[in-house]
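Could you build all of it, start to finish, from the sequences and the hints given here?
Protein chains in written order, with my numbering: chain A, 4 to 163; chain B, 3 to 722; chain C, 2 to 111.
To be clear, the hints were calculated from the coordinates, so they are not data collected in a lab. Keep in mind it's a predicted model, so treat the numbers as computed, not measured. Take these hints with a grain of salt, some might be off.
With a straight-line Cα cutoff of 20 Å, these simulated SDA-like cross-link-like pairs (lysine to any residue) come out [what the hints assert, rightly or not]:
hint, chain 1, residue 1, chain 2, residue 2
1, B, LYS333, A, ASP98
2, B, LYS171, C, ARG78
3, B, LYS333, A, VAL63
4, B, LYS70, B, ASP86
5, B, LYS171, C, THR29
6, B, LYS432, B, ARG378
7, B, LYS171, B, LYS242
8, A, LYS143, A, LEU122
9, B, LYS31, B, ALA116
10, B, LYS473, B, GLN520
11, B, LYS225, B, LYS171
12, B, LYS199, B, GLY420
13, B, LYS225, B, ASN175
14, B, LYS199, C, SER88
15, B, LYS432, B, GLY420
Computed footprint of chain B on chain C, listed as stretches where at least three residues anywhere in the stretch have a Cβ under 8 Å from a Cβ of chain B [stated by the list, open to error]:
hint, region
16, 25-35
17, 44-50
18, 54-63
19, 66-78
A short list of chain B residues far from chain C (calculated; beta carbon distances all over 12 Å) [unchecked claim]:
hint, residue
20, ARG101
21, SER177
22, ASP178
23, LEU204
24, GLU206
25, SER217
26, PRO357
27, TYR556
28, SER665
C-beta: ideal position from N, C-alpha, C; glycine also.
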Amino acid sequence: MLSTHDKAISAHQQVLTFRLAGEEYGLGILAVQEIRGWTPVTAIPHAPPWVLGVIDLRGVVVPIIDLRRRLALPPAEFGPSTVVIVLRVSTSLDDRTVGLVVDAVSDVHDIESSALRQLPDLGSHAASEMISGLAHADGKTLILLDAGRLAHSTSAPAAH
Amino acid sequence: MTLDLAQFHDTFFAESNEALDSMESALLKLSAGEVDSELINTIFRVAHSIKGGSATFGFTEVAAFTHKLETLLDELRAGKRRVDPALVDTLLRSCDLMRSMLAATQAKQSLDAAGTAALSAEIELILESPAEAPTMRVPALPASVPAASDPATSSGPPGWRIHFAPGPKLLRNGSDPLRILRELARLGAVESRVDAKWVPPLAELDPEECRLAWSIELTGDIKEAAIRAVFEWVEADCVKLEPFGSAATAIDATVMMPAPKFLEPVRPEPEPAPEPKPAPETAIASPVSASPAATMLMPALSAPAAAAAAPSATAPMAQGDHGSIRVSTEKIDELMNSVGELVITQSVLNQLAAPLEGREAHELRSALGQLERHMRELQESVMRVRMLPISSVFNRFPRLIRDLGQRLGKKLELRISGEHTELDKTVLEKIGDPLVHLIRNSIDHGIETPEVRLAGGKSAHGVIQLHAYHKGGSVVVEVGDDGGGLNRERILAKARERGLVAPEEELSDERVNNLIFQPGFSTAEVVSDVSGRGVGMDVVKRNINELGGYVQIYSTPGKGSMVRIRLPLTLAILDGQLARVGTEVYVVPIVSIVETIQVRAEQVSTIANRAQVIRLRDDYLPIVRLHELFDIEPEHTDLLDGLLMIVEADGTRVGLFLDELMSQQQVVIKSLETNFRPITGFAGATMLGDGRVALILDVPGVISRFRSHETRHDPAREAA
Amino acid sequence: MNDAVNNPAAAAPGPKGTGRVVLGVSCTFHEAVALRAHLLEQAELPGPYVIEGGAVEQIDTAGVQLLLAFALDCLERNIHYTWQSRSAALDDAIRILGVGALLESPGGMA
Chain A
4 MLSTHDKAIS AHQQVLTFRL AGEEYGLGIL AVQEIRGWTP VTAIPHAPPW
54 VLGVIDLRGV VVPIIDLRRR LALPPAEFGP STVVIVLRVS TSLDDRTVGL
104 VVDAVSDVHD IESSALRQLP DLGSHAASEM ISGLAHADGK TLILLDAGRL
154 AHSTSAPAAH
Chain B
3 MTLDLAQFHD TFFAESNEAL DSMESALLKL SAGEVDSELI NTIFRVAHSI
53 KGGSATFGFT EVAAFTHKLE TLLDELRAGK RRVDPALVDT LLRSCDLMRS
103 MLAATQAKQS LDAAGTAALS AEIELILESP AEAPTMRVPA LPASVPAASD
153 PATSSGPPGW RIHFAPGPKL LRNGSDPLRI LRELARLGAV ESRVDAKWVP
203 PLAELDPEEC RLAWSIELTG DIKEAAIRAV FEWVEADCVK LEPFGSAATA
253 IDATVMMPAP KFLEPVRPEP EPAPEPKPAP ETAIASPVSA SPAATMLMPA
303 LSAPAAAAAA PSATAPMAQG DHGSIRVSTE KIDELMNSVG ELVITQSVLN
353 QLAAPLEGRE AHELRSALGQ LERHMRELQE SVMRVRMLPI SSVFNRFPRL
403 IRDLGQRLGK KLELRISGEH TELDKTVLEK IGDPLVHLIR NSIDHGIETP
453 EVRLAGGKSA HGVIQLHAYH KGGSVVVEVG DDGGGLNRER ILAKARERGL
503 VAPEEELSDE RVNNLIFQPG FSTAEVVSDV SGRGVGMDVV KRNINELGGY
553 VQIYSTPGKG SMVRIRLPLT LAILDGQLAR VGTEVYVVPI VSIVETIQVR
603 AEQVSTIANR AQVIRLRDDY LPIVRLHELF DIEPEHTDLL DGLLMIVEAD
653 GTRVGLFLDE LMSQQQVVIK SLETNFRPIT GFAGATMLGD GRVALILDVP
703 GVISRFRSHE TRHDPAREAA
Chain C
2 MNDAVNNPAA AAPGPKGTGR VVLGVSCTFH EAVALRAHLL EQAELPGPYV
52 IEGGAVEQID TAGVQLLLAF ALDCLERNIH YTWQSRSAAL DDAIRILGVG
102 ALLESPGGMA
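Encoded structure:
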């Protein structure tokens, strides 16, 4: 269903890496529309806790996701290096744009498909469904995220 | 003016010179004996756009001269004047004069005043000479076409739209509309259309009664008092005046739709092929567009509906296109979005300009004010493109009613009015099903059988009435019947049985009637004396609410009931009141607001240590603390410090407690759904002037969220 | 419609041939009853009709309205009519009242 993005990573692909709670994460660069600084958001009542609110991105209402919260990581203060990665994910059904708040953007890496590993079964964990796999690059382990799932995770109705 | 308009001058001069070239070549073809409407329209268009442009840039001499020229060309275009070699010669010299005037203006040299005066006088002389019927047929093409194709002319000359429906007695009183219209023509250029739909067959016509009505467009800078004076001897309510300042355009989205709003024609609109044999009913019942321009020229009757459907025939002009084009709705939506963005940018500019001081700031603000008006006109024009008459929906009902009547053994009569009321295409597409439900309900449960009706002293024929009209910024559609009305006792009994109403609770009729919109309240069981499954009115209500509209029901026992649907003109833009709660700004649709008050302590009661109500004119309204509902930090928590905005939806009123009222503005509705999801209580979001996003409250949603919120927090329930 | 104008039997060919409407010098409110009678009389004859309007010098809304009703009846019955002539006064009234399109038979002008 969201295999387009899995594929994007499984081939020889470029990945945007960023830091989050001391770990290095990656997102397929094709899903990244832009990177922007943090701007105040408009809170949405009754939204899931990881949805910080919405911003006006050139006339389009875009939700901003606190990726730390989304992945059940400890919260952090937003600092000067705090950035928003704007993802744009197109599927045959729709076209979604979301912003992810991360601690800092690191680099763009080339990932060989041979370097890709599946995430071992860690039991049910909030984060695991968002993770498409692991990779090793430049002596570091990258946690690769599934852009499609991140972008669509806001559309499910919140439980009360 | 500190703003530099000069940068636009060059474009104007360049475009005008090109336009003059095309005017010249059209004139040369005319002089060669080639007469066709398109040539004359081309010439008119050039004069029209040069006039508009020069007026905008303050080139008054050019504007004044082209205005005269335009008047003359308009008569040509309307076929009121014959094209002869002398006239073509005058026009060619006018063309030259305009060229030299523009060149001089561009070079900032003085104009040839004497030459201008001479040619102006010549044109005036022609204008004063009696216009004669033309020998050739020059189909009239409307000014709206050039306006549509040429942005420079989007702001046309000022004038008045006059709707004149004298009523039958007028002639006997010694008044004559012909005389009145002649007098109007002395004030400015008159384009009148007769509305002959009330003219009965000759045999039934009382020759001393006036059955005609007119829509008149009077162009010119004319004082209202002057027009009123012309209508001095006519009862005031027969005459409606409406000023206009720009030539509106109507290009239809998907259907070739020639006529704009009924009785509010904006110039003779592009007519598709006139058709030779309209169906008789159509010919009589439809508003007929005729104008002086079309008087001698339209070979046949051209009723919008019939004309749109009928194939072309007799007239030579029938094959040509008449200024209508088909445009995909996507393109219109794109345009709509761009306009929406412009509106936002406009408000950003306003905000930036607001704190500035000094003379230049004042000029900037006045220019911005002008921009805002133009934006509004642009927005309206674009919105109008999406508008279609509701007749396309109403037209399916005669069949439905006939079929249902036969099946249920009821005699029915359908009365439709206001079918030319226009609605946004999207709204129109979604309104059909709810209306079918309502009509079915009326027939099924409202209208009695002929026997019952006769016994009740009514005629055997039940009447279903469909009525559409504009009110404020909304369109109202009413579905009424003269049946038995809602059965209050049954509804109440049912509601009590369902636990919707406490056994001892007494409700107003309005509240009772509105109970039928509750989910699961099957109308068949409640309202009807006839067997058969009713359609859930809750579905109807939900559908209408999703369109941003509201439903109300009115009923008189034994006399019938009426459902009134209020719909937004468009889905994309709404008039909003900005309101602040803490640091958050929300937009409340003005259509939902009753009033905003400051609370006095004695008005408030606290019930069961929790729920608060306010007493307002003998009614108790629940107080909704928005900050609690939305879980945000307010500035005020004491009711006496903030404001209470009384809002209404579906006949329910509540008071929204908030910190401060801010400005009112038109906002462009952005979907939350695109990248997020719909949220109960919010109709969407919009961008504020400062670039922030503000959420738009959906009042029915807020009320239902409030109710579930209260229920969840009800200690009694939690204990149980 | 139950009036004579629309009674097909009345439209049967009569001895006088096809209908011919002749408008007098004055077609105003004061002549309206007579004009209506004349129009109805001619409408009983078979079509196509000819309207002779060259003599009209005075006409008002009442007169134009009668012509309009006649023309609409013709449309409804799908009978053509032609204008043999129209005086300037008649043309002027038709133009000012904005009824031109309705007073033009599908058959066109003669």
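Here is what the structure says about each hint:
1. Between the alpha carbons of B:LYS333 and A:ASP98 the distance comes to roughly 19 Å, so the proposed pair stays at or under 20 Å and holds.
2. A threshold of 20 Å between alpha carbons decides the hint, and for B:LYS171 with C:ARG78 the separation of about 29 Å lies outside it, so the pair is violated.
3. Between the alpha carbons of B:LYS333 and A:VAL63 the distance comes to roughly 18 Å, so the proposed pair stays at or under 20 Å and holds.
4. With a C-alpha separation of about 18 Å, the suggested pair B:LYS70 and B:ASP86 falls inside the 20 Å cut-off, and the hint holds.
5. At roughly 16 Å between alpha-carbon atoms, B:LYS171 and C:THR29 fall within 20 Å of each other, so this suggested pair holds.
6. Taken as a hint, the B:LYS432 and B:ARG378 pair is broken in the structure, with Cα atoms around 26 Å apart against an allowance of 20 Å.
7. Of the supplied pair hints, the one linking B:LYS171 and B:LYS242 holds, its CA atoms being roughly 18 Å apart against a limit of 20 Å.
8. Restraint check for A:LYS143 and A:LEU122: the C-alpha separation of about 15 Å stays at or below 20 Å, so the hint holds.
9. Pair hint B:LYS31 plus B:ALA116 does not hold up; C-alpha atoms about 29 Å apart against a cutoff of 20 Å.
10. Taken as a hint, the B:LYS473 and B:GLN520 pair is broken in the structure, with Cα atoms around 27 Å apart against an allowance of 20 Å.
11. Between B:LYS225 and B:LYS171 the CA atoms are separated by roughly 28 Å; this puts the pair beyond 20 Å, and the hint is violated.
12. Restraint check for B:LYS199 and B:GLY420: satisfied, since their Cα atoms lie roughly 13 Å apart, inside the 20 Å limit.
13. A distance of roughly 27 Å separates the Cα atoms of B:LYS225 and B:ASN175; the hinted pair therefore is violated under the 20 Å criterion.
14. As the CA atoms of B:LYS199 and C:SER88 are separated by approximately 26 Å, the hinted pair breaks the 20 Å bound.
15. The suggested pairing of B:LYS432 with B:GLY420 holds, with an alpha-carbon distance near 18 Å, which does not exceed 20 Å.
16. With 3 residues having a Cβ less than 8 Å from any Cβ of chain B, the region 25-35 of chain C passes the three-residue criterion, so the hint holds.
17. For the region 44-50 of chain C, the stated coverage by chain B is not satisfied: 1 residues place a CB nearer than 8 Å to a CB of that chain, which falls below the threshold of 3.
18. Under the rule that three or more residues need a Cβ within less than 8 Å of chain B, the assignment of the region 54-63 of chain C holds, with 4 such residues.
19. Remark: the region 66-78 of chain C is confirmed as covered by chain B, as 10 of its residues place a Cβ nearer than 8 Å to a Cβ of that chain, reaching the required three.
20. Distance check on B:ARG101: its Cβ is at least 34 Å (rounded) from any Cβ of chain C, clearing the 12 Å threshold; non-interface status holds.
21. Interface exclusion of B:SER177 from chain C breaks down, the closest Cβ pair being 9 Å apart, not more than 12 Å.
22. For B:ASP178, the non-interface assignment is contradicted: its Cβ lies about 5 Å from the closest Cβ of chain C, within the 12 Å cut-off.
23. For B:LEU204, the condition that its CB be more than 12 Å from all CB atoms of chain C is violated, with the nearest at approximately 4 Å.
24. The Cβ of B:GLU206 sits about 6 Å from the closest Cβ of chain C, inside the 12 Å cut-off, so the non-interface label is violated.
25. Interface exclusion of B:SER217 from chain C breaks down, the closest Cβ pair being 8 Å apart, not more than 12 Å.
26. The claim that B:PRO357 is not at the interface with chain C holds, since no C-beta of that chain comes within 12 Å of its own (minimum 53 Å).
27. No beta-carbon of chain C comes within 12 Å of the beta-carbon of B:TYR556; the shortest separation is about 36 Å.
28. At the 12 Å boundary, the C-beta of B:SER665 stays outside the reach of chain C, the nearest C-beta of that chain being 44 Å off.
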